[in-house]
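Undergrad: Work from the hints to combine the two standalone chains into their complex.
Order-wise, the sequence lines are chains A and B. Counting in the numbering used here, the first sequence runs from 1 upward without gaps. Counting in the numbering used here, the second sequence runs from 1001 upward without gaps.
You can take every hint at face value.
In silico lysine-lysine, PhoX-like type, Cα no more than 25 Å apart, as pairs:
id: 1; chain 1: B; residue 1: K1030; chain 2: A; residue 2: K405
id: 2; chain 1: A; residue 1: K209; chain 2: A; residue 2: K186
id: 3; chain 1: A; residue 1: K186; chain 2: B; residue 2: K1075
id: 4; chain 1: A; residue 1: K41; chain 2: A; residue 2: K61
id: 5; chain 1: A; residue 1: K253; chain 2: B; residue 2: K1030
id: 6; chain 1: A; residue 1: K61; chain 2: A; residue 2: K33
id: 7; chain 1: B; residue 1: K1030; chain 2: A; residue 2: K5
id: 8; chain 1: A; residue 1: K61; chain 2: A; residue 2: K81
id: 9; chain 1: A; residue 1: K145; chain 2: A; residue 2: K209
id: 10; chain 1: A; residue 1: K388; chain 2: A; residue 2: K253
The following label-pair restraints were derived from C-beta to C-beta distances:
id: 11; chain 1: B; residue 1: N1061; chain 2: A; residue 2: F328; range: 49 to 55 Å
id: 12; chain 1: A; residue 1: G458; chain 2: B; residue 2: E1019; range: 26 to 32 Å
id: 13; chain 1: A; residue 1: K253; chain 2: B; residue 2: S1066; range: 33 to 39 Å
id: 14; chain 1: B; residue 1: C1035; chain 2: A; residue 2: P190; range: 21 to 27 Å
id: 15; chain 1: A; residue 1: G47; chain 2: B; residue 2: E1019; range: 53 to 59 Å
id: 16; chain 1: B; residue 1: N1076; chain 2: A; residue 2: G159; range: 25 to 31 Å
id: 17; chain 1: A; residue 1: G47; chain 2: B; residue 2: N1076; range: 44 to 50 Å
id: 18; chain 1: A; residue 1: Q380; chain 2: B; residue 2: C1035; range: 20 to 26 Å
id: 19; chain 1: A; residue 1: P170; chain 2: B; residue 2: N1061; range: 41 to 47 Å
So these bits of chain A aren't anywhere near chain B, every CB distance computed over 10 Å:
id: 20; residue: A56
id: 21; residue: P65
id: 22; residue: S78
id: 23; residue: C157
id: 24; residue: F246
id: 25; residue: Q327
id: 26; residue: Q413
id: 27; residue: R532
id: 28; residue: P533
id: 29; residue: L537
id: 30; residue: C547
The hints are simulated quantities; they were obtained by calculation from the structure and are not laboratory data. Glycine included, each C-beta is placed from N, C-alpha and C at the ideal position.
The chain contents come next:
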Amino acid sequence: MTKEKHIIGRVPTVLVFKSDSDQKAVVTLIVAKCCRKRSRKRLFFIGKAEFDSKTAKHINKDILPLVDNILQELNPDSKQKAFEISIVNLSIASVMDTGMEISGFSADAVVFTALLSAALDIPLAQDFVVTGHIASADGDIRAVKSIDSKIDAASQCPGIRRFIYPAFDPDGSRENFQGGQLEDEKAIIPHARSFFKMIQVDNICQLLKTILDERDIVIASFEGDYFTACRDFGDQGSCIEQTLAFFAEGNEKRFWHNIEISALRGDIEDIRELLCARVRYQIRQKQYPPGFGRKLLRIILSVPTTARRTQLADELVPIDLYFKLCQFVGIDDLKEDSRYLRDIFEGRAGTIDGKRLLDDDLEIREGKISRSDLQKIFSQISSEQVSKKVSQPIDHARAVYIFDKVTVDSTDQFFKTITSFYLHLISHTALAPAEVNPNQLEASALQLLQRAFANNGGENAARTEAFHGNSGGLRFIFDQMTEQFKFEQKTGYINSILIRAVDQESIDERIEFTKALLEYIEPWLPAEYKDRPASTLIDRYQEIIKCYVSSLDKLKQTFRRF
Amino acid sequence: MPAINNLINELSDNVIAREVGAVHDNARAKYQIECNTVRDFPEFIDVIADYYNYHFQCVYNCGPLSRFDAEGQVKNMVEQIYRQNQEDIINAFNNAQESLDGGVRIVLNRICDAMKFRHVEQYIESVFDRYVSPNDWDSKVEIIREFIAHCSSDLGSSLRREKPESYAGDYKKFIRAYTDSLKRTSSAMRGL
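Only chain B is shown next, with the shape it has when bound in the complex (with noise of 0.2 Å):
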């Protein structure tokens, strides 16, 4: 079946490294900070901001957000960031303030890596449309069954103990876990 190793191949790590990953890697690489500390919260949104701006255009190749947009989207990603460990936007400040752990550069990398993995979930999802007719009940099925059994080794037990009907009527909920898997992955790796 051409088709299920075509999707395979077009999301195994390596490819997905290329083609999203890098170019957020790379802009995070090339950003340069004066100074790793702040003094106060406001110079703290205005560093993240900037930031966020920066990254934004670097990978999407667009102009710059508003500053209104940028300081708004920003916030609301760290905040779910720094939940993710019962923290929030004040943690990533005492960060950036103390440099206690990293300082600021520590703060924009999770900013990058949050981005990163968002713009990974889109590629996973467009990658499916692209092989999944949405019309299709039965093509649908048949390729979220082989796609489990290509990678089981590489799903969470979640994914694999689910038939696959129950993800073909919202695939999206399949991707999700796909995603959140490979993040599992890469934070063990980065973990270890």
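Bound-form chain A, shown alone (with noise of 0.2 Å):
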């Protein structure tokens, strides 16, 4: 997967030209560049293919002021930019040596992401077409004409992927005036998908979110300085409030994931950019980032060994940034941590041993679920809750794990491999314990190993696997042991639930309990247990859960049939 160009305040777009008997589309490029403010003027259209008076003017008045309005919300000490703007124009019209005038408002919504990207400093992707019209200083987007005309001319031009329009009528109007035509229109759609994805926005929020890469929103957040939202967006009933949230919440949880991501890319040269951009953001914030270094290891450690050996070894930070960021490290907790951030800043993760890997932060199921509420505990429990909290995230998780290679050269790259896979495994889930020691976790890890192999020739049968990849090598292995994993945690969680229940419950009130569970679970358990009284399963709940979780799986398997 190659990444490809992101530019900044470049945004491609489709005019419609209109001659006496025909109409024509035509795919061109709208930029928009920040430049120093000379008069109290703030746009400045430039270049041979000009907006209309009339368009310049909408410009100007709506356009501008909800590109204002995100800045200064986002950064109310950022002080107003100005902008040039420029259409790029036709070869038609420069082989004839002339240019071209736009008229309409279709262009709004593209006029919008590049004075946005221009402005919060956002490359974009040059794989997309946009067209709208923005409706209102909420950021509403409302349909635009000839988008068959539209999709015909994106059809043409080959790096198109993407087509984003706005919805045709989300408030009706078009449908008691336009009725055939708007048939006519959505009727495009299915086939226009034959050529690439067609995304429908209704409102800017929508726009944004569809076509900028979360890792360029991170990296603006820390030159912006609103990585760390300390304002509150409203009930984010507006669409700019769902902007301003968007742009500004979830950054922390952004840029781990991007960390990861590059990580196990064993792409360097981004994770310098993060870790250098995080690190810079932090220095002027004045505050050391609790547990990062930390975090920062668990990745790393969690990376396929080749990609961490080649790529992970050279210095990630420059040792400047590091002593900077280590003025504000306090506490002597963030003084263990911050030594961390050393030996992987400068490339020696690798050498980290018999540490705290895992965070404090994550979830630590604590307290006792009344008994009473008998249906929230069977809800907690159900096939859906159960996916949803546990099998899910595990799916994600191997989902997102890349790697290189699916077989192995030696024993020892294959223990690395698997502990590396292990650590990833739980890192994603919140059932992990709170430490962890390198040592125990490649026990851990081979633990795994060896029970989803248990019916499959065990440890020997895998390794022998990871050596000729005869049944997808590592593939193969990963999947086994997360679904081994997975089936643990689901038993591991329903047993907390239900622990948590009926402890410290007296016998009378356990049984009860019991008669209610195997109620419950009645349908999914097998015969054996059905006609048993509950006061002799009242001890066995490991067994009725493992019971259960099987028959979840087996029940879905059949489903699938239907």
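TA: This is the structure in structure tokens:
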């Protein structure tokens, strides 16, 4: 997967030109650049292709304030910016030594995107075209005409893979006046899907979510000093509030996600850029981020050994930045954390051992659930909840884990690889213990592997598979480990809920609870449990739960057949 | 008979895994998805078409397929894969949407495995083509007889029961049966 070029302030679009008898659409680009403010005027339209005066006025009056609003809310200290806007002239116009004039509202969305990209320094992919009218000061996007001609033109352009267009009739007004035409336009969409992804948007927040890269948003949030949202963006009922929340909230999560993705890809330059930007931001904020070293170490140790050894053994962040950041380390715990950071920044992550690797802030289940609310307990162990709480995070973890080669060259590499994968798996589940020693980690990884292959030739069969790759190599091994891990975590999850529910209850109450439980999971239980009195099963929850989890999996497979 | 030894060697599990399987497995191992679920059917089609196109380029070292081709081919493939379990593309979509059975990653795994087995079949056919002279009936019968004798333990009972002459006229039938037996062995291992 090669990275595609992202460019600041440059947005592809499709414009429609009308002649006496016909109309033609062409793909072109709108380019916005921040420039020094020379007068009260803030928008400068340059180049031979220009907007007509009505459109230019509309951009000044409606689009620019929308951009200003977002910038001001994200960073109240930011100053108003001035912009140069140009439209890439078409070759037909340039060979005739002439320019062209653009009118109408369909370039609103594209001009808005270009201005915001330039203002926030967020680069944009170049594989999409966007069209749409920004119809309110809150950023609602409304329909534009000639979608069919635009699709036709974009389909001729080989680099275009996404076509972003406004909803046809979100307020129902066209249905009343243009019913026939509306149906014709809608009918084009299935056909257009054979050329590119067709993405419909109703407002600027949806538009930005579609086109902006999460990594670029994080980098921009460092530069723009809004990485950590300290402001309340309202109830997020309006498009603007949703947009502000999109930019300013969840950046911590975005940052770690991108570090992990880049580490798995072995993209050292990307990791460097993200880390340096983060460290500079923290220095400006005069704050050491708690747990930074441990989180980073955990990610680096969980990437496949080949990528880690070859890519991550270099300097990641200049040491002078590290020392500047360390001025803000305070309490002892942070001092230990900052020592990991130094090892990582200097490319020595692989040498760290015997340390605390996992978050203390992971969810640790404590406290007792009231047994009186049986329905609540049962809803927590329903197949949907178990899937949501346990299976889906584990499946997600497996889905994002990439590696270069499905075979290994040595036993040492095999053990390191399965340990890294195991660490990755447990890092994505809230059921992980608070402390892990790397030696214990390797032992736990091996035990999981052994359990996963218990009925399939054991550890030796797994190792042979990793060397020869006859059935998919590491792909197969990781899948088996994932399934085993999922099964165990599901069992553990349900067990913990039930134990909390009945802990410290009297025998009679436990029998009552067991009766209710057996009744609830009766459809999934094997016959041998169905007729037994609840009193004989009160200490055998684990057994019952294993049957329940296995039955859920079997049931799923059965349903898949219908 | 060195020819049969070479043929058997080229069709051994390890060689097939190295020459064909690894390319597909490595391609799948390197493909990262940002999200393991999809919101709707068009997004599902986008995800599987993108993967199919990526896998195709990776394995065959060629340029991208057109969106139309990628979408059409992958839809057919997913239909075929799921039909083996009396399912269809909607079951694949439901899994990708609700992630009750591994989500998008399992759907992509199945596409990868289908492409791998198709490629294995082509590989076996090309090996046979090199060793079996198309206009020499006796040598065709002989080599198939030898192959069945050498690999009897790996072959399904139906393959062992048939006379070599019955495959000599159209040994592609034999190849398909052999690939299926390999597939069954592999599925059995995965299913254990």
